[in-house]
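Protein sequence lines correspond, in order, to chains V and G. With our numbering as the guide, the letters of the first sequence map in order to residues 1 to 350. With our numbering as the guide, the letters of the second sequence map in order to residues 351 to 700.
Just so you know, the hints here were simulated from the structure itself, not pulled from any lab data. Some clues are possibly wrong.
What the hints assert, rightly or not - EDC-like mimics (lysine to aspartate or glutamate), calculated; alpha carbons at most 20 Å apart, straight line:
| id | chain 1 | residue 1 | chain 2 | residue 2 |
| --- | --- | --- | --- | --- |
| 1 | G | Lys620 | V | Glu272 |
| 2 | G | Lys637 | G | Glu622 |
| 3 | V | Lys270 | G | Glu585 |
| 4 | G | Lys637 | V | Asp276 |
What the hints assert, rightly or not - Just the calculated beta-carbon pair ranges, DEER-fashion:
| id | chain 1 | residue 1 | chain 2 | residue 2 | range |
| --- | --- | --- | --- | --- | --- |
| 5 | V | Asp28 | G | Ala443 | 46 to 54 Å |
| 6 | V | Gln44 | G | Pro638 | 51 to 59 Å |
| 7 | V | Asp186 | G | Lys620 | 56 to 64 Å |
We put the beta carbon where it would ideally sit given N, CA and C, even for glycine.
There are 2 protein chains.
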Amino acid sequence: MTRIAVDAMGGDNAPYEIVAGAIWGAKDYNVGLELVGKPDEIQQVLDDIKENGFRSDCGRAGHLHKIEVDYTKLDIKITPASEVIEMGEAPGAAIRRKKDSSIVKTVEAVATGSSDALVAAGSTGAAMASSLFGLGRLPGIIRPAIAATMPTMNKPLVLIDAGANSNSTPEMLHQFAVMGAIFSKDVIGVENPRVGVLNIGEEAGKGNELAKNTFNLLEECKDRINFVGNVEGKELFSNICDVVVCDGFVGNVALKVTEGTGAVLFKMIKHEFKSDFIGMILGWLAKPFFRRIYARTNYEEFGGALLLGVKGITVISHGRSKAYAIKNAVRVANEAVAKGMNAKITGFYE
Amino acid sequence: MTRIAVDAMGGDNAPYEIVAGAIWGAKDYNVGLELVGKPDEIQQVLDDIKENGFRSDCGRAGHLHKIEVDYTKLDIKITPASEVIEMGEAPGAAIRRKKDSSIVKTVEAVATGSSDALVAAGSTGAAMASSLFGLGRLPGIIRPAIAATMPTMNKPLVLIDAGANSNSTPEMLHQFAVMGAIFSKDVIGVENPRVGVLNIGEEAGKGNELAKNTFNLLEECKDRINFVGNVEGKELFSNICDVVVCDGFVGNVALKVTEGTGAVLFKMIKHEFKSDFIGMILGWLAKPFFRRIYARTNYEEFGGALLLGVKGITVISHGRSKAYAIKNAVRVANEAVAKGMNAKITGFYE
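Using the sequences plus the hints, can you model the full thing?
Okay, here's the thing in structure tokens:
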């Protein structure tokens, strides 16, 4: 049975929502768990949920559903960790200083083979640094990268690198393309994913040196990667590619600009509908429609981003994650393990 | 009287919509015009509009209003140009080869002092290249940059550089900050504009070398620039800064991702409301509200982006521009001339 290690202390809503989401996922996807953190706090949440259940909006903003999970019917291991790395701490220093922190111990669980994959909703930097340090890189991989999943009208788009490296080379971006395509196929279920380079024009020869050289590298191995050329920011969601590769600085800006644009548009919509009485009534009547759009674009559906290229599966969830997001993170981690994603990545370079 | 040179042949809707917008702007803002292109085609549009007027949605998507402009009551000069640079042509080669193209002649009108500023809706690359070549840089300016204007809930945000340079230095970004702030104050009307560096984290020390070094440079001259630190993509529209500086590659991606996100969200909304009968009725009733949101976020309101740092004022309008956008481009060009923006930019470095 696959076992997923979960940093029970990481994230704004830890430990309650994290533990709730973890056992919800364990039940739904039939996986074992290793909950890492302060044992008494974790046990208290488990007992509380066994008795009372918990409530979740199931990613649909609004009505809360009662979810019941009896942890005694699951395969759960609790692994103690006495410290927690906070959001503001410098990741590198923090993982060296806090050797008994929940994230370091969660990574250790995978490194020692006690678990098969991990989910962490605390400091992204700490999850990345401890995974890099504790798991090491897959053979042949220059630098691991973060693969983020973005909603579109069709299948979700993989953006890689979403922030692990802000000084990439074309060779790194080539590897991101390989890893992103395997992730898209195995976890998102896209047959023969189309790979594009995020660029400022569609024609070959456009963009900065990195984009131009990456284009050329990928053009050379079209027999192994379904390379479709340059993709502009405005075409990201137009179903012209399934995986888009870029430097982590650019990718992080793109990812967060998407978040910011979505937020300001929904704010403008709210503002307009509240501007008069008819609008208020229409807005109220239209709520179910807006909720469905919200659900489609909700980051919680995807559970989190993957750190690809390390010896292990690391799912990095949003710091604001609630139970529903963590449940999906467990699903993603389980999928990645079941499909043997890492073996396929190393296999590409053999 | 200020005179604005307009490339009458550039853009998807040239010459009709371009000429219509130009004379509309000339009438509304009381400026002289220099229409550059094929004289008979331009004259035909002028005569047609004098007789029949033209129709515009005034940036509000939907109902068309009839606009009447009698060109004989305006101060209009027609300057012949026999060639047109098409969207696909390589800008550098095209402006050298087509010396009698409308964009080259439009730039020449400003270079020779016949006009005070120019508006161009054709190939952005050609407008940039011919402005750089034909007007030259302002003294002390390393590289000109494109300042794009983005809608927010409050005053529009200036993003600079939106695509002129994809290999920037911290010194260049420092100058973009100065030019962007002067533009924000003079044309958008923001008193003491707040300047931020587009980055992947808020704390000092975050990001790539360019972002870090730009942060330090701007931090050193806080007495002359209202520098507010790093700004993340998701905070762009949260009213924490009025001007955001970045490399042109990153800026172009950010600008276009905003466009792409807006488009896919409106598409999702349409799709949801069309999914059942009640939705269709609600969607129909809610149309005026959505139109108001559309109008708020419509790029046409801003007329176009400015190429800052050249000896002259170049407004680069969207290739899809219709009359309303060109009218606003004339307004922006006129504003920039009236406020003596370029004198202030050179003044900063004296």
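Right, here's what the structure says about each hint:
1. As the CA atoms of G:Lys620 and V:Glu272 are separated by approximately 17 Å, the hinted pair is consistent with the 20 Å bound.
2. The hinted pair formed by G:Lys637 and G:Glu622 meets the criterion: a straight-line CA distance of about 14 Å does not exceed 20 Å.
3. Straight-line distance between C-alpha atoms of V:Lys270 and G:Glu585 comes to about 18 Å, which keeps the hinted pair within the 20 Å bound.
4. Taking the CA atoms of G:Lys637 and V:Asp276, the gap is near 14 Å; set against the 20 Å cutoff, the hint holds.
5. At about 60 Å, the beta-carbon gap between V:Asp28 and G:Ala443 misses the expected band of 46 to 54 Å.
6. Between V:Gln44 and G:Pro638 the beta carbons are some 53 Å apart, a value that agrees with the proposed interval 51 to 59 Å.
7. A beta carbon spacing of about 33 Å between V:Asp186 and G:Lys620 contradicts the range 56 to 64 Å that was offered as a hint.
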